[in-house]
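Student: Here is how the chains run, residue by residue.
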Amino acid sequence: MYAQEVKSTGEAVKSLKEMSPEERAFQEKIDAGVKIEPKDWMPEGYRKTLIRQISQHAHSEIVGELPEGNWITRAPTLERKAILLAKVQDEAGHGLYLYCAAETLGVSRDEMTEQLLSGKAKYSSIFNYPTLTWADIGAIGWLVDGAAIMNQVPLQRCSYGPYSRAMIRICKEESFHQRQGYAIMMQLMKGDAAQREMAQDALNRWWWPSLMMFGPSDADSVHSAQSMAWKIKQNTNDELRQKFVDQTVPQAEFIGLKIPDPDLKWNEEKGGYDFGEIDWNEFHEVLKGNGPCNKERMEARRKAWNDGAWFRDGLMAHAKKRAAKKIAAE
Amino acid sequence: MPNADSRELALRMGDNCLILAQRLGAWCGHAPALEEDIALANTALDLIGQTRLWLGLAGEMEGGKSADDLAFQRDARAFRNCLLVEQPNGDYAHTLVRQFLFDAWHAPMLTGLMKSADPRVAEIAAKSIKEVDYHLERSTDLVIRLGDGSEESHARMQSALDDFYPFAGELLTPDAVDEALAEAGLALDLQSVRSAWRSHVAATLQEATLTAPVDAPVRKGGKQGLHSEALGYVLAELQWMQRAYPGAEW
Amino acid sequence: MSNEWPLWEVFIRGQHGLSHRHVGSLHAPDAEMAIKNARDVYTRRNEGVSIWVVKASDIAASSPEEKGPLFEPSNSKVYRHPTFYDIPDEVGHM
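For the protein sequence lines, the chains are A, B and C, in the order given. In terms of the working numbering, the first sequence has 233 at position 233, counting the first letter as 1, and numbering is strictly consecutive. Add 1000 to the 1-based position in the second sequence for the working numbering, that's all there is to it. Add 2000 to the 1-based position in the third sequence for the working numbering, that's all there is to it.
Worth flagging that the hints you see were computed from the coordinates, not collected in a lab. Heads up, a few of these hints could be off.
Short, incomplete list of chain C residues facing chain B, as computed with Cβ under 7 Å [as the list claims (entries may be wrong)]: (1) L2026; (2) N2037; (3) D2040; (4) V2041.
Glycine included, C-beta positions come from ideal geometry on N, C-alpha and C.
Sequences are here, hints too, so could you generate the full structure?
Tutor: Structural data, given as structure tokens:
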């Protein structure tokens, strides 16, 4: 998902008996559904895992502005332009809420930014794919935001108060994102042959990367158990991926799009679709930095940060001058 | 007698909003701070909304064209925006100074247009002014803070001011169309906008410790469709989809 | 020394006249800019009519260890709650 490979403590989940009294009290609170707040005692592993997860999520929102943002100046109508700009702006806002949530755990936004720009911190693999046509804007809204919502809705109930509250606000604001994407695809499928082809081509390119957003298969995911015990992850990767496929296939069929998977088949017994094998090699390559746009995305973020230093420092310098004047006047 | 009806006025207002919004939209995701990214997008969104109102009115007077028809189907020579708004974004100082010089004109202009003899014009102006008052407040504040900020922010703001100040004259100097519009009671006399602009800009620059260039030559022509080379590239990007797929709906 | 803009907590009063409510935080160089940023960040959907900002470092908060002594005494004062009193249905709404 937006946080696909969050390294956890790497240790096995302790049973209540093995825990120290503090740890036990903490775990019992979580089990009882009581939210953990910034000043509460928490195990160091919980704090660290959360910082990684929330900051990855925040970085994904910020880097996620780029692939869609580059279509703002080319959007085909004034209304589409306004919608797209409002949506990308929302993503900046969501990044902001999430950075603030992570800051309550004792890390600064500047530190997190440094980690992103140095390549130490990860962000979702999905944003390393290029947006080549207008239909990609539709596909991203429909598939990428659709997949994100699937993950974010349960996170509203996560055990850490500030994260849960940020997710509640984000989910509320994001409700239009997926719909605007699907509306773009619907309009294209109502159009001429070139437009329909554009839509199908976008689905072909974004389908598999969207499925990868949910992260490695549960069998290969080493970090899930502890995160689930801590309720900072509510569902397994495979559960959410299955739910996404089941939800999306009929939506594609409804407008006449074909999912690019020859193995896709309804399975009556499990009440869901069977689907083909994901190319995990591609996933790991993209996460490692070898995706089609990793380099461009990082360069864009570094440039924004470096070019903006004088602006941030200049405003700080002015604020200090003003404060000094105020003190002198008193 | 030049063509001085509400259509010409709406084109001038709408094209300014459209081209500036187009410029601002390019910053989204690249601004110097997250909070600033969001704030600038708000300004751009306001301007897109205003574009739709102004070009909607102009199109209606052209026999039922839409705002989109006018935004995406005209060539550079038919655009009526001033040269200032089409100037490249440059560094963020240039973007802010361009915004400030424009807002300082836009706000008194809209305030005057609220009394236009054409109620459609007055209505759009009344709707827009609330947004533009805030644009001006924000850009004024940032010019003061960055002008009187660090050594580097001061130098960058001064250099942007030197570059863009010559383009402000076009907004404030009436041409034959402006005069005819004022005479017909459709728009206000630009002289009054000029004095409001001058006093606001002078007071702001003083507080910002910035100096307006003296005897800067006025760069103009946009209002008559004689643009700088920059506009062609703005339109190429803006209109590409509509040009590549004529008649398609999106 | 870090030159990072300080963190501000944002409180907004919505349209309906209720008290200011904590909505989140943001960074800004000073209070005035924090208010402007809050307007742009937290009222994009017409959420508010009044904004308060407080520097996060200026907030004094109760510590979790004090939770017992601070909040438990009021737990025992059930008579402060309307449901404590049994009023016959015949009396009507009260």
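Student: Run every hint past the structure and note whether it holds.
Tutor: Structure-based check of all given hints:
At its closest, the beta carbon of L2026/C sits 6 Å from a beta carbon of chain B; the interface hint therefore holds under the 7 Å criterion. Taken as an interface hint, N2037/C checks out: its beta carbon lies about 4 Å from the nearest beta carbon of chain B, inside 7 Å. Restraint check, D2040/C versus chain B: the minimum CB separation of about 4 Å is within 7 Å; hint holds. Because the beta carbon of V2041/C sits about 5 Å from the nearest beta carbon in chain B, less than 7 Å, this interface hint is met.
Checked against the numbered hints above, the structure violates none of them.
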